[in-house]
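Sequence order for the protein chains is A and B. If you count the first sequence from 1, position 26 lands on 28 in the numbering used here, and the numbers rise without skipping. If you count the second sequence from 1, position 111 lands on 113 in the numbering used here, and the numbers rise without skipping.
Wrong hints could be hidden among the right ones.
Since the list gives no way to pick out one identical chain from another, each pair is judged satisfied if it fits inside one copy or across any two copies.
[As the list claims (entries may be wrong)] Straight line, CA to CA, 25 Å or less: simulated DSS-like cross-link-like pairs of lysine-lysine:
{"id": "1", "residue 1": "Lys109", "residue 2": "Lys130"}
{"id": "2", "residue 1": "Lys84", "residue 2": "Lys129"}
{"id": "3", "residue 1": "Lys8", "residue 2": "Lys130"}
{"id": "4", "residue 1": "Lys129", "residue 2": "Lys109"}
{"id": "5", "residue 1": "Lys109", "residue 2": "Lys84"}
{"id": "6", "residue 1": "Lys129", "residue 2": "Lys8"}
{"id": "7", "residue 1": "Lys109", "residue 2": "Lys132"}
{"id": "8", "residue 1": "Lys109", "residue 2": "Lys8"}
Derived by calculation from the structure, the hints in this document are not laboratory data.
Protein chains: 2
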Amino acid sequence: MDEVVKAIQDEYPDDFAWCYGCGRLNEGGHHFRTGWQGEQTITIYNPSPEHLALPGFVYGGLIASLIDCHGTGSAAISLHRKNGHEVGEGAEPPRFVTASLNVEFLKPTPHGVPLKAIGNVEEIHPKKWKVTTEVYANDTLCARGEVVAVVMPSTFANK
Amino acid sequence: MDEVVKAIQDEYPDDFAWCYGCGRLNEGGHHFRTGWQGEQTITIYNPSPEHLALPGFVYGGLIASLIDCHGTGSAAISLHRKNGHEVGEGAEPPRFVTASLNVEFLKPTPHGVPLKAIGNVEEIHPKKWKVTTEVYANDTLCARGEVVAVVMPSTFANK
Chain A
3 MDEVVKAIQD EYPDDFAWCY GCGRLNEGGH HFRTGWQGEQ TITIYNPSPE
53 HLALPGFVYG GLIASLIDCH GTGSAAISLH RKNGHEVGEG AEPPRFVTAS
103 LNVEFLKPTP HGVPLKAIGN VEEIHPKKWK VTTEVYANDT LCARGEVVAV
153 VMPSTFANK
Chain B
3 MDEVVKAIQD EYPDDFAWCY GCGRLNEGGH HFRTGWQGEQ TITIYNPSPE
53 HLALPGFVYG GLIASLIDCH GTGSAAISLH RKNGHEVGEG AEPPRFVTAS
103 LNVEFLKPTP HGVPLKAIGN VEEIHPKKWK VTTEVYANDT LCARGEVVAV
153 VMPSTFANK
């Protein structure tokens with residue numbers, strides 16, 4: 003199976019590593035990890051046995067969660083690169099929050115195969131990025147999503 | 003705390019009660035339950051300790067999941083009523099799948115209080131319903147969502 007070797011989430015400071023979707027310190031979470039694949043971004047995830055809509059199909063809320071965290075991670079890794087950094091250098095990456103999330107469910111998503119979220123990132127404004135994502139199960143496009151992510155306001159970090 | 007007494011998910015046939023979001027038979031799932039509140043629909047949920055974005059705030063993917071299942075449940079309970087049935091009668095309700103899900107995150111959602119999803123349901127077509135949802139933490143509107151739900155195609159049930 004393909005693997006994301008260098009993921010932006012690996013370098014978030016500990017204080018920001020508790021996200022249920024993509025925080026490496028959240029034991030019960032999904033541990034989504036987002037890296038580069040050429041000029042696109044990629045997150046790979048194996049749904050757990052309980053992540054069902056119906057037996058045999060993946061839960062839509064999990065797909066939405068994947069698109070959400072893949073979106074903020076893709077925005078973060080892109081701004082990190084724009085700032086002159088690559089994952090693995092040890093520089094602290096920017097952190098984003100989701101302003102809006104749109105998901106179109108195109109086909110029932112089969113359970114039991116890895117899901118790949120492939121993202122294209124566009125800068126709308128230095129603090130506002132749009133990530134368009136396609137979710138594949140094997141080679142079948144099952145869902146399409148769009149996330150508008152904004153640089154995390156300081157009000158979050160102060161809590 | 004408020005409670006949904008009669009929920010549409012309580013009456014889904016066993017084969018359709020495995021959804022990670024709203025299936026009563028999915029042990030590890032969220033067990034979202036959707037009922038009437040006047041002419042609106044309501045789903046109440048207490049996020050678990052691990053459902054964090056950052057410490058103190060609820061994970062956006064969970065909010066998206068809540069809006070998703072609240073949407074399909076609201077469509078189902080509405081079509082059930084249109085078909086002349088109320089929850090609790092024992093008639094088998096219709097089942098919906100999500101065609102599209104849109105979420106706007108308006109404010110950071112505080113963790114530690116029950117979330118209430120309140121829905122308004124509109125019939126677009128006998129097999130296609132739109133549910134507009136507001137998610138409140140205490141009295142604060144934190145997110146707004148829209149689900150287009152369609153009557154479950156028979157291809158799902160055959161698997």
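When no copy is specified for Lys109 and Lys84, does a C-alpha distance of 25 Å or less occur within a copy, between copies, both, or neither?
-> neither (35 Å within a copy, 28 Å between copies)
Go through the copies and call it for Lys84 and Lys129: within, between, both or neither, with a Cα cutoff of 25 Å.
-> within (12 Å within a copy, 46 Å between copies)
25 Å Cα cut-off: does Lys109 pair with Lys132 within a copy, between copies, both or neither?
-> Both. Shortest intra-copy (23 Å) and inter-copy (19 Å) distances satisfy the 25 Å Cα cut-off.
Using 25 Å as the alpha carbon limit, work out where Lys129 and Lys8 are close: within a copy, between copies, both or neither.
-> within (23 Å within a copy, 45 Å between copies)
Alpha-carbon proximity between Lys8 and Lys130, which holds within one copy, between copies, both or neither at 25 Å | Within. Shortest intra-copy distance 24 Å satisfies the 25 Å Cα cut-off; inter-copy 42 Å does not.
For the identical chains here, do Lys109 and Lys130 meet the 25 Å Cα criterion within one copy, between copies, both, or neither?
-> Answer is between; shortest inter-copy Cα gap is 16 Å, intra-copy 30 Å.
At most 25 Å between C-alpha atoms: does Lys129 with Lys109 qualify within a copy, between copies, both, or neither?
-> Classified as between: cross-chain Cα gap 17 Å, same-chain 33 Å, threshold 25 Å.
Evaluate Lys109 and Lys8 at a C-alpha cut-off of 25 Å and name the case that applies: within, between, both or neither.
-> For Lys109 and Lys8, the Cα distance exceeds 25 Å both inside one copy (30 Å) and across copies (31 Å).
Of the numbered hints stated above, those contradicted by the structure are hints 5, 8, listed in ascending order.
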